[in-house]
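Q: Here are the chains, one letter per residue:
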Amino acid sequence: MRAGPLILLYLAVVCLPLALSWMLGLPPRPLRHEVASGLGMLAFSMILAEFVLSGRFRTISGGVGLDHTIRFHQLMARTALVFALAHPFLYRWLPGPQRPWDVSRQLTLTTDFTALASGIAAFVLLPSLVMLAFNRDALGYRHELWRLLHGLGALLIAGLLLHHALEAGRYSAHPPLVWTWSTMTAIAVLSMLFVYVLKPAYQHLHPWRVSLIERLSPHQWRIRIAPKGHAGVPYEAGQFVWLNIGHSPFSLRENPFSIASAPRSGPELEFIVKGLGDFTRSLDSIAPGTTAYIDGPHGTLTADGRAEPGIALIAGGVGIAPLLGILRELRLANDPRPVTLIYGNRSAAQIAFGAQLDEMARDARVTLVHTLCEPSPGWTGEVGFVDADLLDRTFTPGQFAEWLFVLCGPPAMLTSVEEALLARGVAAGRILSERFEYD
Amino acid sequence: MTDRWRRMTQQRRLALTVWIVNAIVVLVLLAFTLR
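Chains as they are written, first to last, in the working numbering: chain A, 1 to 439; chain B, 1001 to 1035.
Check each hint, because a few of them may be wrong.
What the simulated footprint calls covered on chain A by chain B, stretch by stretch (three residues with Cβ under 8 Å from a Cβ of chain B suffice, anywhere in the stretch; the number is not a length) [said to hold, decoys possible]:
{"id": "1", "stretch": "7 to 13"}
{"id": "2", "stretch": "22 to 32"}
{"id": "3", "stretch": "72 to 83"}
{"id": "4", "stretch": "189 to 196"}
Partner residues are not named here, just some residues of chain A that face chain B (Cβ under 8 Å, in silico) [as the list claims (entries may be wrong)]:
{"id": "5", "residue": "Leu18"}
{"id": "6", "residue": "Leu42"}
{"id": "7", "residue": "Ser285"}
{"id": "8", "residue": "Ile286"}
{"id": "9", "residue": "Pro288"}
{"id": "10", "residue": "Thr415"}
{"id": "11", "residue": "Glu418"}
{"id": "12", "residue": "Glu419"}
{"id": "13", "residue": "Ala427"}
{"id": "14", "residue": "Ser433"}
Source of the hints: derived by calculation from the structure; they are not laboratory data. Just so you know, these numbers come straight off a predicted model, no measurement behind them. Heads up, the beta-carbon is just placed ideally off N, CA and C, and yes, glycines get one too.
I would like the entire structure built from these sequences, with the hints used as guidance.
A: Okay, structure coming up:
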């Protein structure tokens, strides 16, 4: 789904309970109570919408990309948190029991502790969930444990909020709102079941096996997986999958890796994996034949269907993986367009597939530019980061004006290169980038 | 505005989009409150 319709759909879903409350035609309440009820309803619907913005649904993130989906998920969580925290403090308590004439509790707040307790529990849990997400790297949890805690925590909060809305809510006690909240919560729960149960079950029926694993450099491995008993998956060069090697598909032990192979080279998938993080530290223990599972392909970092007259690929470190896939695919398709690859690394030892890249650069259509931050004596290539000066030395104004620029690498590099390209007149629509780190 | 939008990095465009979404949500809340 493209960004515009997706945002309109998001706004419609988030504002739906408020709109329905409006349509009930109830007489307005004191201003503070209306704001408090409105904030509570908006916070709840935003929290429920977060479930489908987890980046695991291709219908949602297929058009805008996983990066933007997850970033939107993170930023809207902050808004929901602010609304939820403000919600209880705006009510003005009206002491005394419910008035006999006030059948729809227009003026009376509930004092039923059961109805309030679920809201209080959610009020305490929600900041914890968001803070846990902010500091997930610093806390040092394994990725799968963090994911499980985040998912179950969100599910628990959604359940508590549903109870609180239906029991303590005044607008929410009316049938149209009861149905809306119940349906929205059911969709959120089903989205979790889809990700945590149905997808792993599908993966269990479509296993892969490691066909090759070799160390490319001190910190980089090359891994190939082959489909076991099925035809593999269709994908576009430059996309990524969530990869699980040697664990049950229900274990949540999966990490995102870009596909470095080309679709035209066959059903096997190849990855370049950097030896950092909880999964990649265990790479030495993986043997050929080990069962693997994938969720994907995902991602929009692909040159498929692009008609620009030339393609610039700009990689930093392990960011070469998807760009290598694109380069391989272009060569296998005998694409006539010129391609320039800028490949930045710290040292020459970190250059992955150096010989194969040199081989591809013998083709007159391919220009290869290596740059190193810490070159060894005798290095004849570029020196330093991928920066504006290097871009100016590599590309002509005509190429800035017409070519497609595909970037993958560390976030700092992506930001600086994107800013430099925009300053040189490259239209934002001709810059594709993907990052797996946020905040 | 269109030209400025085109020259923004993807991260800035997303941040601006989120601010716009937040502003619309707050406006809806205000309209609901002051109806």
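Q: Does each hint fit the structure? Answer for all of them.
A: Evaluation of the provided hints:
no.	hint	result
1	7 to 13	holds (count 3)
2	22 to 32	holds (count 3)
3	72 to 83	holds (count 4)
4	189 to 196	violated (count 0)
5	Leu18	holds (5 Å)
6	Leu42	holds (6 Å)
7	Ser285	violated (37 Å)
8	Ile286	violated (34 Å)
9	Pro288	violated (39 Å)
10	Thr415	holds (6 Å)
11	Glu418	holds (5 Å)
12	Glu419	holds (6 Å)
13	Ala427	holds (6 Å)
14	Ser433	holds (7 Å)
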